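Below, each chain spelled out in residue letters.
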Amino acid sequence: MSAQAVARRPIADTGRRPINWRRTRRLTGLMVALLFFLFLAFFPIFFMIHGAFVADYDLIDPSVSPFWFSRPLTLTHLTYLFDHTNFVVWAKNSAVVSGAVVAITLVVCLPGGYALARLRFAGAQNIGIAIFMTYLVPPILLFLPLVQIVGNVFNLLNTKWALVLVYPTFTIPFCLWLMMGFFRRIPIEIEEAALVDGCNRWQAVWHVVLPVSVPGILTAAIFAFTLSMQDFIYALVMVSPSAEKVLTIGIPTELIRGDVFYWGELFTAALIPAVVVATLYNFFLDYFVEGITGGAIK
Amino acid sequence: MYILLLVGYPFFLALYFSLSSVTVAGGDNGYVGLSNFLQLGEDPQFWTAFLNSWVFTFVGEIGKAVLGISLAFLLLALLREARSRFGRGSVWVIRGLIMIPWTMPISLAIWGWKWMYDPQFSVINRVLGDWLHVMQHPYPDWLGDPLFTRIAIVAVIIWKGFPFTAVIVLAGLTSIPQDIFDAAKVDGAGWLRTWHYVITPMIAPILFIGLIFDVTYTLADVTIVYLLSNGGPYGTTEILPTIAYHTGIQGGNLSHGAADALVLFPFLLIAMVFFLRLLYRRQEA
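Chains as they are written, first to last, in this note's numbering: chain E, -10 to 287; chain W, 412 to 696.
Simulated from the structure, these hints should not be mistaken for laboratory data. Hints may contain errors.
[Stated by the list, open to error] Facing chain W, a subset of chain E residues (Cβ under 8 Å, in silico):
id: 1; residue: TYR46
id: 2; residue: LEU48
id: 3; residue: ILE240
These numbers come from a predicted model, not from an experiment. Virtual Cβ for every residue (Gly too), placed ideally from N, Cα, C.
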């Protein structure tokens, strides 16, 4: 057989390569598996996209396929959301809260991370780890005491500033850990070079270290943002006036009235921020994984 | 000295900030006292929640492991194929799509599920029942029946978590040099043996950290159960975080609510100790 194949090759070889069946089979298998996982990950989202654009009656009409539509597609859910609900207010609140949280987190984590990375005393490493451990203490253990503190000490309950106050409890540990890793990877020699060239410590940090750690700072900012957008429990227990709500809590509490689900509006309202967060998150996913595995990969 | 002052102050500020959350929980524990915990032990609702917490997490973790590990291998193979053919960008896009369950905030993405579980218009029932006739009437009431509600919750937990498992495992896999896979192949190791004897020992630390992270996250997450079933029907799907919320905030009994939540703490502590030991061992090596 192999002799035949060898003998035939000069004739068959007219520029086209013979099909490699094993490879084709392997590739097909991979593609099928990939499609399976894509389907698995995507189907609940599909119904949200579907529901966001079809007319209300299409959703509940048993003669219409749940995957398709019969009445014309519509943007009424979107316009309703903007005209008749507090969606815009919630979105603004979310932006304000997340923005403030990002700012606080960076203000604490940049110097903190730098200190932890550069400090040469025995406890520095342990303190770094201790801070990351606090990230493993979940909000569910803290939300009851925190409600008391926010209410009694700061008198901020039922305002969005309550969230600005508590979100750093989980963004700071994680971002500090991230920044520590980043600063540690910047060689100390470039700082020393700057010092030799006549910079003082501030100038060395400002002109040399900060510019090279921009990706790290950006990552920390993005994670402070996405983490604060993912919170649910704090927003649920701390803020109840509609005008102060953030998106994650405004949507389930005000687009469901009693037993009536405003499905189209729900889906639209959920999709807009969800897509934004998912996209941002995905850009920086590798850093997230690295943060969690504690640089154990390298 | 100068350096110490410059970097020391923000450093202690950071330390204070991140540790304050912990001492707050500890302080509250002082108020509560043991009697609340003893009362919990007599409350059947508490035991339902306790059991549910663990069952959901355990079954969820198995599901995530099965799906996540297979997905990790798939992505690894694709990464190798696609890098030579289409460039890395295509892999990045595909990964982004598959990661959606993890990257989207669950409190927003859950509405797709809520719709699929709808008692009247459930898409699942319409497809499996009306179209494919896999199910008979009466169709399951996904969020109205204790058993089906549990299944529904675990499904969402798995859906949310499997991409994370995959990324963690993938991070481990890509850290293993290709030679080692080749060597295992040459030595005649099959897929299972390669996994068991070659891959697992090499990426055990990463797997373990990922597992700790995910278990604590799943145990403590209130969002999925709260939004899907809110502990219903009749409290059969309550978990510790939801009863902490129900008794602590809605019932106004702060000390009981805090006790409900703090029951989780010993388990989290164990997880942390493991995590620490792992980190230190790595540093020594």
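Hint-by-hint comparison with the structure:
1. At a threshold of 8 Å, the smallest CB-CB gap from E/TYR46 to chain W is about 11 Å, leaving the interface hint violated.
2. Because the closest C-beta pair between E/LEU48 and chain W is about 7 Å apart, less than 8 Å, the hint holds.
3. With a least beta-carbon distance of about 7 Å to chain W, the hint placing E/ILE240 at the interface is held under the 8 Å criterion.
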